[in-house]
Every structure is written in structure tokens, then in C-alpha cells.
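J.: Line by line, the protein sequences give chains X and F. Note that our numbering has the first sequence beginning at 1, numbered continuously upward. Note that our numbering has the second sequence beginning at 118, numbered continuously upward.
Just so you know, these hints were derived from the structure itself, not from any lab. Every residue gets a Cβ at the ideal spot worked out from N, C-alpha and C, and that includes glycine. Check the hints yourself; a few may be wrong.
Each computed DSBU-like pair below joins lysine-lysine, with the alpha-carbon atoms no more than 35 Å apart [claimed, not checked]:
#	chain 1	residue 1	chain 2	residue 2
1	X	K18	F	K170
2	F	K440	X	K17
3	F	K451	X	K84
4	F	K459	X	K112
5	X	K37	X	K84
6	F	K165	X	K18
7	X	K106	F	K459
8	F	K459	F	K440
9	F	K161	X	K52
10	X	K70	F	K440
A few chain F positions that, by computed beta-carbon distances, are all more than 10 Å from chain X [to be verified]:
#	residue
11	I129
12	G150
13	S152
14	E198
15	I216
16	D218
17	D233
18	S272
19	Q276
20	I351
21	Q361
22	Q366
23	N379
24	T387
25	F401
26	E457
Reference listing, derived: stretches of chain F covered by chain X, where coverage requires no fewer than 3 residues with Cβ under 8 Å from a Cβ of chain X [unchecked claim]:
#	region
27	163-176
28	435-448
For reference, the chains in residue letters:
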Amino acid sequence: MNAPPAFESFLLYDGEKKIEIKKDTKVPNAAHFTVNKEDHTLGNILRAQLLKDPKVLFAGYKVAHPLEHKFVLRVQTTEDHSPKDAFTNAITDLMSEVSLLEERFKVAIRDKQQGIE
Amino acid sequence: MVQLADETRNKISLKENRIFDVHSANLPGANPGQSNHWDFEKFKTQLKINVIKIDDTDMEFDLIGVDAALANALRRILLSEIPTMAIEKVHIHTNTTMIKDEILAHRLGLIPLKADASLFEYPLDEDDAQSSENTLVFKLRVKCTQRTDAPKGCSIERQLNNSKVFSGDIKWEPLGDQANSLSDVRPIHSDILIDKMRKGQELDLVMHAVKGIGKDHAKFSPVSTASYRLLPDIVLKRKIVGEQAHRLQKCFSPGVIDVCPNSDGEEEATVVDARSDTCSREVFSHADLKDAVELYKIRDHFIFSIESATSKSAEQLFVESVKVLMSKCDVLLKELDESEQKMES
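Please work from the sequences and hints to get the whole structure.
T.: This is how it looks when you write it as C-alpha cells:
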């Protein structure tokens, strides 16, 4: 009876931005990134990629409530790096990983099909 | 528990009551003298993909050297974010059958359609007028009548025409110039039972199919299932012979442990195929075999299994899921760049 429409989990409202950035005042060089209308699919891989960066001191994400479709990613870096740069680098690294995966997958499929023939 | 030896570093150990070392310890700064920094070249050497089985609809392949987060993201996207076409609106002109209107409409929505969703656009809003770019129109008109030539005393179903309505009775009505650009648009399987009727009952429906994703409704999910499991690893710590060897064989799935005569003439157990084990850990319920075996799972070796429920093959769906992930990352990057430009200006 009170169920919200299913499309609300991936369509942005009017005026809602995809990413909202808030500086964390409690510690230096930290920021909260709120990504709207996304879930663990993106949150987990971004967090895992950020943890592999040696300049990142803290990286964690949470989906605060399952009925609110967004996640908050908290990043803290060393003084010479900014959280936003770390975030941007993580996304670019991910994209290169994923495109390599796509290439290798297509090669593997081709090899298998040629092996059959 | 700390894993020190290099070859066990990427293994998850399964003990009797607990699982250890689930998360990778290979983070920057974790081990002195070891740089675990993200390195694309290192990733290139570690990434391996082996296709095990592939046919028209299903596929099984190994994804090695990837993070669990990435494998899970691809699995989640396969399940819920790849667009497909499915029946959304059903205009019911006549339904005198025993199945209620809304139940019938629900069943029709779940029927998989043979249409490539990438050729269509998403419908703009709820009451958007149907157009040839975003809708497919199907008709279902079936009437159940008495057969005049049925022999006496045979079953009711044999005496009737169209007592069962199958998905093969759904006919496509091309809109606009769809007849030229699309061909062979129909439900994938023609033997799905939709409804049963008796004499005089009739179905007259017009159905509109639109593009959607699994997150909106499960009928739009393109896979019957997409799952992965980790590669198991079984290590025998001592020689196991005779009656114990046969018992050990029974503890694992068939084909995992082989018992053959060794050089001393006794029957010895060896691990032949750890991959097909389903990791029931049954061996820990035997007091004498508990200490003889160590069970592991390899942390970065994913055995993916994808079964397609659309006209696309499983490998096309995987490639699409990778593209969806790339476009999500693209959107995020663009937003970050825009917000940076706004802050500068």
C-alpha cells in the first residue's frame, strides 16, 4: 500500500544531483561523497579500489537505509593528495580495469569458439 | 590467523565451525617490504579469463585475478541493470476465462520476448503515447469452441478447440515502419501455457511491450540466473588408505576424490578434481578424518555461470554488463568534473 514506485531506485528526482560533496570538518583532508540513485554495485567497487591507493588513509561506504537509494563514501587522504583526486583516480583505474576485462573476455570467447571449430 | 607463506596468501580457509581470512590482506602498508599498491601492469599479468562451457543460452567461465567487489558488481548488473523488452500494459477487451484479469496480465508480463532492447528507447513517462521507437504491440485472440469431429467419450480437452492458450498464440502487430526494420518479433518459447478455457470462453487482448531493467521489475531481468562461486582447494595432510580412503571419498562430491591402489598395494585417496566439489565440509563430522584434510577456497578465482533468458546469448549479456559498468563510471566522472568546474567559476 505504501510501496514507493520501483523506478525511484535508479531515476534522479528533478534538481537532484548525482554526486554531492561535503568536506569533513573533524579531520584534515577528508570528504563525504553522497552518490544518489546508486547502490552497493558501485559503492563496493569504488571503496575496494580506493583502499588500494597508498595515499588514501581511510575509505569506507555505507548505504544508510535500504529505502533511500544512495550511498555515502568517506575518503581521507594524506596531506599532499585531495579526496577528490583520489576518488577521480579510483574511477579512472576502475575503467581501465573493466575495459581490459572486456578485451580479454572477447579474446577468450574467440579462442574457445575457434577451439571448437 | 595470519597467512605468512606466499602461496597460501590468497586462500580462504574453511574450518569446522568458522571461515578464516575472508578478506584480502594485500592492502598497501599491510606487509612491510611488500608494495601492494594498485598497479595496472600487475593487474594485467594477474587477470586471466578461461571459458569452460558455452552454448546458445548458457555459459560457464573462470574469472581469475579480480576483486570480489568487481565480480559481484558484474553479477548484480547482469541480474538487474541490463535492459530488455517485456509486456507492460495489457488492454483487456474480453476475458471470460477463469483467470482474473490482473493475474493474466502478470503472467503475460513474465513471458520472455525475442526483441533486441538496444533498438528501442525507454518510454518517456507513464502515459506516453505508443510510438514505433519505444513500444511493441502484440495481440492475443483466442476463442474456445466445441469440436464437431471429436469421438464420443474422449476427454474434455480433446473435444474442444483452443482449450489451452499458449504463448505461441501471441501475434505481433508491427507499428509504423517496424515491419521493415524488425523481423521475427515473438515470444521466445511458444509452448508456455498462459490460460485454460472451456466452451464459449474467449480472450481478446492487446499488449504493449516496453523497455525496462530488472531493478524496475523482475520480468525485465535478462538472465534466469547469474551466479559465481570460488574455486575450492583440498589438501590432504597425510596418507589416507583403505577404509578411511573410501569414507573420505564419500565425504566429497562424486568425482573429487579418487581411490586407487598405490605402489604398496593399498588403496590410497588422491584429490583428482577439487573444482567440482560443493564444499559441504562433511569431512569434519568424521573424528578421524578431521585432521587429515584442509579445505580452502581461492579468493580471487571466480567460476561464473550465466544462463540467458532472452534471445541474446550469455556472452553478449556479459559484455553488456561490462558496458553498463563503464557507463556508470563515466557518469560519475562527468559529474565530478562538472562540479569542479562550478567551484572554480
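J.: It remains to establish, for every hint, whether it holds in the given structure.
T.: The hints, checked one at a time:
no. : hint            : result
1   : K18/X / K170/F  : violated (40 Å)
2   : K440/F / K17/X  : holds (23 Å)
3   : K451/F / K84/X  : holds (13 Å)
4   : K459/F / K112/X : violated (49 Å)
5   : K37/X / K84/X   : holds (20 Å)
6   : K165/F / K18/X  : holds (34 Å)
7   : K106/X / K459/F : violated (40 Å)
8   : K459/F / K440/F : holds (29 Å)
9   : K161/F / K52/X  : holds (16 Å)
10  : K70/X / K440/F  : holds (22 Å)
11  : I129            : holds (16 Å)
12  : G150            : holds (14 Å)
13  : S152            : violated (8 Å)
14  : E198            : violated (7 Å)
15  : I216            : holds (24 Å)
16  : D218            : holds (20 Å)
17  : D233            : holds (19 Å)
18  : S272            : holds (43 Å)
19  : Q276            : holds (44 Å)
20  : I351            : holds (26 Å)
21  : Q361            : holds (40 Å)
22  : Q366            : holds (32 Å)
23  : N379            : holds (35 Å)
24  : T387            : holds (29 Å)
25  : F401            : holds (31 Å)
26  : E457            : violated (7 Å)
27  : 163-176         : holds (count 6)
28  : 435-448         : holds (count 10)
Of the hints listed earlier, those the structure fails to meet are numbers 1, 4, 7, 13, 14, 26, in rising order.
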